[in-house]
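In order, the protein sequences belong to chains H and C. Numbered according to numbering that gives the first Met the number 0, the first sequence spans residues 0 to 174. Numbered according to numbering that gives the first Met the number 0, the second sequence spans residues 0 to 282.
A portion of the hints provided could be inaccurate.
One-sided excerpt, in silico: chain H residues whose CB lies under 8 angstroms from chain C [to be verified]:
| # | residue |
| --- | --- |
| 1 | R79 |
| 2 | D80 |
| 3 | V94 |
| 4 | H123 |
| 5 | P152 |
| 6 | R156 |
Note that these hints are calculated values from the structure, not bench results. Since we're looking at a predicted model, the values are computed, not measured. We treat Cβ as the ideally placed atom computed from N, Cα and C, and that holds for glycine.
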Amino acid sequence: MKPFLFLAGVLCLPGGLIHAAGEPAAPSTPEVSPAPGATDAATPTPDESRSSQEADALVAVRASALEVAGAFSNDGFKTRDGHWIGPIRAKKPKVIQVNLYAGNQYWFTAAASEGAKKLAVSIHDEKGAPVQFQPYRDQARASAGFSPDISGPYYIRIEEEEGDPAVFCLIYSYK
Amino acid sequence: MYLRTCAAALLIFGGGIALRGETPAPSAMPSATAVEPVPATAPLTKEELESATRIDSLTIPSPGELMAALSKEAKPNWQGQYRQPIPTTFASRAQIAMNIGGLIADGYIALEAADSQQVKNIGKDVITLAKSLAVSENVIARGNSIFEFAENNEWSALKEELEATQNEVKLALEEQRDGDLVWLVTLGGWVRGTEAVSSWIAANYTPQSAKLLRQPAVVELIRSRILRLPERMRNDELLEEVLEKLDEIERLVSFPEGTTPTQEQVRELRDLTGKLVARISQK
Numbered sequence: 000m001k002p003f004l005f006l007a008g009v010l011c012l013p014g015g016l017i018h019a020a021g022e023p024a025a026p027s028t029p030e031v032s033p034a035p036g037a038t039d040a041a042t043p044t045p046d047e048s049r050s051s052q053e054a055d056a057l058v059a060v061r062a063s064a065l066e067v068a069g070a071f072s073n074d075g076f077k078t079r080d081g082h083w084i085g086p087i088r089a090k091k092p093k094v095i096q097v098n099l100y101a102g103n104q105y106w107f108t109a110a111a112s113e114g115a116k117k118l119a120v121s122i123h124d125e126k127g128a129p130v131q132f133q134p135y136r137d138q139a140r141a142s143a144g145f146s147p148d149i150s151g152p153y154y155i156r157i158e159e160e161e162g163d164p165a166v167f168c169l170i171y172s173y174k
Numbered sequence: 000m001y002l003r004t005c006a007a008a009l010l011i012f013g014g015g016i017a018l019r020g021e022t023p024a025p026s027a028m029p030s031a032t033a034v035e036p037v038p039a040t041a042p043l044t045k046e047e048l049e050s051a052t053r054i055d056s057l058t059i060p061s062p063g064e065l066m067a068a069l070s071k072e073a074k075p076n077w078q079g080q081y082r083q084p085i086p087t088t089f090a091s092r093a094q095i096a097m098n099i100g101g102l103i104a105d106g107y108i109a110l111e112a113a114d115s116q117q118v119k120n121i122g123k124d125v126i127t128l129a130k131s132l133a134v135s136e137n138v139i140a141r142g143n144s145i146f147e148f149a150e151n152n153e154w155s156a157l158k159e160e161l162e163a164t165q166n167e168v169k170l171a172l173e174e175q176r177d178g179d180l181v182w183l184v185t186l187g188g189w190v191r192g193t194e195a196v197s198s199w200i201a202a203n204y205t206p207q208s209a210k211l212l213r214q215p216a217v218v219e220l221i222r223s224r225i226l227r228l229p230e231r232m233r234n235d236e237l238l239e240e241v242l243e244k245l246d247e248i249e250r251l252v253s254f255p256e257g258t259t260p261t262q263e264q265v266r267e268l269r270d271l272t273g274k275l276v277a278r279i280s281q282k
């Protein structure tokens, strides 16, 4: 089984991992992390190998999002250190609340793991209405650029429009 | 833990995996005056709004974001927002956590002032406080980077390093099963950042800059998370005071869309956040 699909399956299970930097995981939530000693020269056990694949998949999906955000950094955008990683399935969008300041410019970037074919990111105001944003799409990666006129809460919606269950990572940049 | 794994792997692999497709050209940057038509997007459903994820690391803006927004409206004298050095010994872990957050916000202020010595002083205090939480190992490494970037006036890198340092503290707290303290770090940073910005706006009032202070969901989220803290921690006298003041602060940053706080209201916010910051750093 492909590691991405395996990981998506694990994450979609009840009690599966939805983890974000700075948010304490619930005690019952299994954290995907490299198995102790997985980097040793000794042959890893099956469990160690699986754990390593999971960690690799998380690294890859975040790296993929950071890669897109890197283009924005060249234009003076700062990428926040935090991110949101979780499972995603076609037509089952994920929504996160953010708080934005008028006058700043933002790019919200999502990337999904292998299996996802087409990803979309949209921005909504505090009542849920879509706002005008600048879209960027590249198969399993998508961004939305936005410069709010009003400070306050907004919602970012990430939707897998086509593909198999996958893992996504959302990050954002501002200037 | 996995975040560190991610970071390590990114370093090892020189920053990433193979490219798929093209990355956006700089010309694709957003701007208030040149935005493409909205793609067909449906409004969020009531269920989506109610079940939206709210997490510390993305839902709460960094102090740097608020300062960046204000710097677009005006040229604030950020050095005027410095405060006296705070004590670096506290008996309560909750109080230490809040003060680490406050110091990180101080770091952003010094950074906006392009004051490398002040950044280094603050970095030193962050490490001292982190040691008293026994989470200093990785924070020290970050602190060293802060010194280095400040020494070389690498302000852009410093901005990201400050947030990374704060997240390093939070991760270490989680690993120590002290995750309850994470939101207190966030609280300390948000209050100190809001104090500095509201203080400047109060003294240099314009309606446009006052509108920046609208942050209803931020306070509501922080307050709700503090209310989830274990009772033994919530019954702490300091935290009781914090919750009481957050109620008042929430009222002042929750003005409706389209309205503008008066200068008097901004002064009130400055005074309230100032008192809270002072109380948090009081031994």
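Consistency of the hints with the structure:
| no. | hint | result |
| --- | --- | --- |
| 1 | R79 | 6 angstroms, holds |
| 2 | D80 | 4 angstroms, holds |
| 3 | V94 | 4 angstroms, holds |
| 4 | H123 | 5 angstroms, holds |
| 5 | P152 | 4 angstroms, holds |
| 6 | R156 | 7 angstroms, holds |
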